[in-house]
Amino acid sequence: MNVNQSAPPVPPFGQPQPVYPGYHQSSYGGQPGPAAPHIPYGAYNGPVPGYQQTPPQGVSRAPPSSGPPPASTAQAACGQAAYAQLGQGDVQNGPSSTVQLQRLPGSQAFGSPLAPVVSQPAVLQPYGPPPTSAQVTAQLAGMQISGAAAPAPPPSGLGYGPPTSLASASGSFPNSGLYGSYPQGQAPPLSQTQGHPGVQPPQRSALPLASSFTPPASGGPRMPSMTGPLLPGQGFGGPPVSQPNHVSSPPPQALPPGTQMTGAPGPPPPMHSPQQPGYQLQQNGSFGPAQGPQPSYGSPYPGVPTFGSQPGPPQPLPPKRLDPDAIPSPIQVIEDDRNNRGSEPFVTGVRGQVPPLVTTNFLVKDQGNASPRYIRCTSYNIPCTSDMAKQAQVPLAAVIKPLARLPPEEASPYVVDHGESGPLRCNRCKAYMCPFMQFVEGGRRFQCCFCSCVNDVPPQYFQHLDHTGKRVDAYDRPELSLGSYEFLATVDYCKNNKFPSPPAFIFMIDVSYNAIRTGLVRLLCEELKSLLDFLPREGGAEESAVRVGFVTYNKVLHFYNVKSSLAQPQMMVVSDVADVFVPLLDGFLVNVNESRAVITSLLDQIPEMFADTRETETVFAPVIQAGMEALKAAECAGKLFLFHTSLPIAEAPGKLKNRDDRKLINTDKEKTLFQPQTGAYQTLAKECVAQGCCVDLFLFPNQYVDVATLSVVPQLTGGSVYKYACFQAENDQERFLSDLRRDVQKVVGFDAVMRVRTSTGIRAVDFFGAFYMSNTTDVELAGLDGDKTVTVEFKHDDRLNEDSGALLQCALLYTSCAGQRRLRIHNLALNCCTQLADLYRNCETDTLINYMAKFAYRGVLNSPVKTVRDSLITQCAQILACYRKNCASPSSAGQLILPECMKLLPVYLNCVLKSDVLQPGAEVTTDDRAYVRQLVTSMDVAETNVFFYPRLLPLTKSPIESTTEPPAVRASEERLSSGDIYLLENGLNLFLWVGASVQQGVVQSLFSVASFSQITSGLSVLPVLDNPLSKKVRGLIDSLRAQRSRYMKLIVVKQEDKLEMLFKHFLVEDKSLSGGASYVDFLCHMHKEIRQLLS
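Just so you know, our numbering puts 733 at position 733 of the sequence shown, and the rest follows in order with no gaps.
Read the hints as simulated data drawn from the structure, not as lab findings. Among the hints, a few may not be true.
What the hints assert, rightly or not - Calculated lysine-lysine pairs in the DSBU-like style (CA-CA distance at most 35 Å, straight line):
#1 K957 <-> K1049
#2 K430 <-> K555
#3 K669 <-> K632
#4 K657 <-> K686
Sequences and hints are given; from them, build the entire structure.
Now the structure itself:
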């Protein structure tokens, strides 16, 4: 199979899903689904609203305990009784034969059936401990629902669900589809599960596995439809009687928690404290209030009689808003992980350990497995069989960053030199010697841990074994004791069997009218004079071995001879761009120190030579071709730094036309906007990779330049693209020069090949990143730096063994900056499991989102964007539904239960779905989308984490003398206070938001102006002032920039200013202008999708 093919799309919900044997599929398109069998419906071993412990009036409720809940108590799930539409006098405590409720097949596994739940007035009881499960069961024994007739099944064609008479909580209403639309951000009260009596949920770091809370239960009163565009896959419930399907009624005002709702008469409302506080976040992983008041719900729709209750006047129902504080918070999860795991070093000696989150600062001690800085996995405990993997739908992938930079406290990988014989490898699978190899026969042979082949140990490598079967020199050899190390490669690992020359850097500068006019050429030439002293060098080398060359171009190319013996540089013009050749060999690539005077003279002359140019047209492909030919002639690998300003429309190979067309958005042809418009650049990239020629592209466009096409060569050669739209030297020079310095100075591996080997049972099947592949196993990289990752997906090809686990070995063969051929090896051992709970307990959501974003961003090349979005939602729903079905404690279907490790999956996935690539706003250009798409493709996990969920830091809350970073708040407008100043960063952008009522002293200290109105909106540099607040804020901005691989330009945004729209785009928990759902809405939608899968 071709590794670059995308995986087959996930079948839509309407088709039978192989993943869930025995699930009833909900039906689409008006066909009624299979009726559920008539099974006496038992409450889910659970809670009885009638026995809810309600505090007496005026007594405030104690805060929920933070420990895990005792397994023996079943707490009442508030909000269940609210949906049984019984009249005030209809509650009866005896048996009734008139109602037989049905139970969905998906729920049969949930314990022995109990009697149905009664909707009863909540009786005031002393505020004491909840009854034990035995008492609850006893109390339930005689209860049944009153003599209201069972509602008729909905007419065929309404709703998605099968026409059953039961929804999750109690009754179901005629005409309402099983899954009514959720209103925007509104829901009945939350409830909390405390687990199934006698079933202890699996534990991880002393937290219960499931986080649960209750969005609106379907079958409850119909609430107004979501305003704004529907989410993909979201349908309407049964249409309201008086409105057409597509009109949404305005949502009524949400009431504060604890406010009584009035409606048609139903059961009397419970009495509760009027001063009830807002819901507190449960510390044990269950979200929502422990025991909330039950509102009395009115009829399902205005104007529709409620069956089994006295008729009341038709009134709109004021629903309760789902409390954002009661749903999983990324900030809380990040903070908890920092507190729990930030202080201890992460020791890699144990197989299958989940590392701390990427947002936690921690030290790594390598004891046999590669550091998470090099490899992170979506799960550290992988299913033993492919069937189990298919059922869970959790992708098995590793995000590998082979040349990752380490903090100063951690040692770089040791370099091992085995001399002429080279590194020791398995004869069959060619895996390299590593700590998992098993030595046998007294040390004379070793058994390969990847393919089980037994190999002879060469005499020079022989060593005796100790009493445990380990070599006595194991701890003296990095390859036998560490997860990551390097081998010096022998000549056999080199091209044409000869050692490589040191690499070269060629600076190729666009000197057309645009580049001269903006001040770019002058700025760049000035910077290069000093920057050339900082070329990358090995270890303690006095000077860099990298040689440099210079080319300028517009419609033609100008090569420069800067040989050290010349008094002045010489220029040679190549005007035949259709067949480019290099006009000189000697004197083009030179040592900086030897030719410094000539180079300085050239850099002074270039801006003057072209100062009066009127040439606006440029070429592009011939420039890359020329650079590659120059490296080929010099017989070395290297990097081209291209500085380019406009669409290459001059007559030449690779000529492009303007094809920007916003009308294609949301059509089947939208994918063409992401595809290159000509195949010429792929062919050129292939030649570059063969030569080890990596291309870094700096773009300075004033209008459309077709980033999708121009970025093909950088993308396939392992290079980078930097984009500075509407570049002006005075405003953008700091950002551009900072990026350029970092790019020129960073350590790069050239002419690299990477292969990932796995132990028997799984294999690498798919790869994402900036590289080229000519076969299905070798990732070829003309260049690879410390910021780039390669993401690898694994699939089963056999059964895995729980005892031996699974192994990965990533081997990267590359040429260092000094021209040394090396092999860098990273090893990682994972656990294997036969229980789905073990898989869900050892997942890494940040890595999962990194993989899913890359998968989706590649998907837009071949599929409509809507299809890509739908398949992401489907996959997420399947992952969570499988957990709910197989691992969660039994509870009401009205509850959304998330695995502890994955409770942030919905919020992060929603951020991916709302991103500019998958859901662009009106102001996002085609070039911006193509730029972000290729950027994310090679991001590491820390970068995607902050890119999709930006950090929002309040600056005036923490004391001025505090040197630590202020604690972040959630990315939502609700968290902004107009008396405060906030800093928002996402790895590419940096905003300073100033509230309209910030104290005058603060404004004076930061901006040196007297009032808020005098602050310049859009300011990009804070004045340097000598006061504690100014120093603190500027210091924080510097430290944030130092953490990121690209310079973040600052933009000051004033509250209520026009720039605020741009800022709000990054408040990802809110509804977006482009139609993206808010976090609350998406969670409700996700819950609906999961219940649809389970029903």
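Against the structure, the hints come out as follows:
{"no.": "1", "hint": "K957 <-> K1049", "in the structure": "holds (24 Å)"}
{"no.": "2", "hint": "K430 <-> K555", "in the structure": "violated (49 Å)"}
{"no.": "3", "hint": "K669 <-> K632", "in the structure": "violated (39 Å)"}
{"no.": "4", "hint": "K657 <-> K686", "in the structure": "holds (23 Å)"}
Going through the hint list in order, the structure does not satisfy hints 2, 3.
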